[in-house]
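Visitor: In order, the protein sequences belong to chains A and B. Numbering of the first sequence is given in the working numbering, commencing with residue 1 and proceeding in unit increments. Numbering of the second sequence is given in the working numbering, commencing with residue 1 and proceeding in unit increments.
By construction, these hints were calculated from the structure, which means they are not laboratory data. Some clues are possibly wrong.
Since the list gives no way to pick one copy over another, a pair counts as held whenever it fits inside one copy or between any two copies.
EDC-like mimics (lysine to aspartate or glutamate), calculated; alpha carbons at most 20 Å apart, straight line [what the hints assert, rightly or not]: (1) 266 with 11; (2) 209 with 297; (3) 246 with 257; (4) 120 with 23; (5) 160 with 306; (6) 68 with 23; (7) 25 with 271; (8) 246 with 215; (9) 120 with 2; (10) 249 with 16; (11) 68 with 5; (12) 249 with 222; (13) 25 with 257; (14) 135 with 61; (15) 25 with 2; (16) 328 with 275; (17) 200 with 181; (18) 266 with 8.
There are 2 protein chains.
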Amino acid sequence: MERTEIADIGEFGLIDHLASPNETKNAGTLVSIGDDAAVIDHFGKQTVVSTDMLLEGVHFDLMYTPLKHLGYKSVAVNLSDIYAMNATPTHITVAIGVTNRFSVEALDEFYEGVYAACEKYNVDLVGGDTCTSLKGFVISITAIGEVNTDQFVTRSGARKSDLICVSGNLGAAYLGLQLLEREKKIFLESPSVQPDLQQKSYIVGRILKPEPRADIVDWLHENSIMPTSMIDISDGLSSELLHICKQSKVGCVLYEDKIPVHDETKEMSLEFNLDPTSCALSGGEDYELLFTISQTDYERVAHHKDLSVIGYITDWEEGAVLESRQGKKHLLTAQGWNAFR
Amino acid sequence: MERTEIADIGEFGLIDHLASPNETKNAGTLVSIGDDAAVIDHFGKQTVVSTDMLLEGVHFDLMYTPLKHLGYKSVAVNLSDIYAMNATPTHITVAIGVTNRFSVEALDEFYEGVYAACEKYNVDLVGGDTCTSLKGFVISITAIGEVNTDQFVTRSGARKSDLICVSGNLGAAYLGLQLLEREKKIFLESPSVQPDLQQKSYIVGRILKPEPRADIVDWLHENSIMPTSMIDISDGLSSELLHICKQSKVGCVLYEDKIPVHDETKEMSLEFNLDPTSCALSGGEDYELLFTISQTDYERVAHHKDLSVIGYITDWEEGAVLESRQGKKHLLTAQGWNAFR
């Protein structure tokens, strides 16, 4: 029998492959597999649904991830997918698998984080599943949201000459992770050396406690700006922008000098001998919003202190291009994360 | 720091404990944690949501579970929770974690089963997550359904003198599992002996490919019978009936001789030296529907060939009682499954 390794087709290849026999049977299914979330037309208004799974040793390391933060983050990353549809999350379900090394008190800490995120984002935890796991802590969360009729924003609506915008700054979470991994290694070698992460609280906070950009979605709504496409940055700017280009069948020009990077991220990337732009392009886990707008919305977006216009959309034939500080053009590639390698 | 073992409070105790700080913030949240599924009022009509997690080595053994069956069953058990709310499933999301021992072809088989169940129950797969797992196959499915306004049925509406009904027959899946476990043991000891399961295809089918009782929900609907309470049987009749009693604050009398048990189940239980009634009470994984109806609906239910009236509801003070064939009364206990022991 034939055997194709998952690593050979990659995560996105695998999703495409597995989704290929999928046929939509219900007329109410407006957006299915292949976007940040699905959109279901329920009785005239629209429901948005997204699921994420987090596995110990793959997505998180309990050695440096406090359980409360983990609970908070598990919810946050799911809500981020709902916001990325221009929708408002309303409900979540949480399924967990735990080994018997977990005490009830440990789970309480995890759920404290879950409830804190629910509280902050006004979301109800309405169900879930609790089961025993033979190895590792397993978390699966589904978020449900709502959006006004036809106000949802997919990855496929970007048009030529639209402007590319991003919220916040990029690459910080990746460097926070590098720092935690380094401190873990030092600690394992010499347990008496306690890491001092106070000086790097920004980047550490970005990896341990990301916040979905509800504020940006609210602001867009208040200002009647409807992005032409939108996605949240979980795998890195390159990878997400390529998703928008592929699904919208467009090209893009991205200006290196416009990509927002926090000072602490820059400092830390120098310390690690990494290029800050590469960290922003391929780092991932920023959970910022990447979206495109019509040029007529430029003025208002340009004045928002936490939004950056970082490029524009071109024809598909022109490809996805990064223009460096020196004015050189590079083809954008998704070096991103291939979880199966 | 205090340490409470999860095993000390049990699965249901754990769920109660973790859910206790949960506060409902959205007026649209009609049913939250503690039923087969949550009910959300979305714009006047109602959405039903349920999540289940299945872990290799805990919920299934790939040695005797074909991947296609596993895919089918993973969907079926989730749909069963939606039907148990008197609702119709419409959409699912599927999140999986796989190790690199899985090939793309193996996942194709799993998804063949997923799609087959979607096809049969007219449900759309609308999203999910695919990630790498360090150990074991992890499956988490969320099902979403819809129900006409205020037609959903919870576990808490049973009233004194209501009749207790169950669909199909009970205990078969449990004996199918015992058989597969025995054949696995024989095979591991002498690999040349191939098991012959043809003679036991009914009970093996019940554990490997359960079908949610969509037909019963449809029939109830067509006959305008609205159960007063309903639950699906995943942990065994005792455990589920005690859920109804506890949440409805009622007692019950269950007649041993009325509990439907298939002939193959009876034969097999004798072969294993097990009491068929105990298998029906505590076996689990039947995915039949257990519900209560008003006495006025008795005639129609009694004539349905695949429904059995097995007892009636009493006052809370009278407790949950099993009346044996010999007319002896026993207190019903949930010996069921404590996954954490």
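Visitor: Take the hints in turn and mark each one as holding or not.
Guide: Hints and how they fare:
no.	hint	in the structure
1	266 with 11	neither (29 Å within a copy, 47 Å between copies)
2	209 with 297	neither (31 Å within a copy, 54 Å between copies)
3	246 with 257	neither (24 Å within a copy, 64 Å between copies)
4	120 with 23	between (37 Å within a copy, 13 Å between copies)
5	160 with 306	neither (24 Å within a copy, 61 Å between copies)
6	68 with 23	between (39 Å within a copy, 18 Å between copies)
7	25 with 271	neither (53 Å within a copy, 45 Å between copies)
8	246 with 215	neither (27 Å within a copy, 43 Å between copies)
9	120 with 2	neither (49 Å within a copy, 28 Å between copies)
10	249 with 16	within (16 Å within a copy, 49 Å between copies)
11	68 with 5	between (36 Å within a copy, 19 Å between copies)
12	249 with 222	neither (29 Å within a copy, 48 Å between copies)
13	25 with 257	neither (46 Å within a copy, 43 Å between copies)
14	135 with 61	both (14 Å within a copy, 15 Å between copies)
15	25 with 2	neither (31 Å within a copy, 52 Å between copies)
16	328 with 275	within (16 Å within a copy, 79 Å between copies)
17	200 with 181	within (14 Å within a copy, 54 Å between copies)
18	266 with 8	neither (34 Å within a copy, 50 Å between copies)
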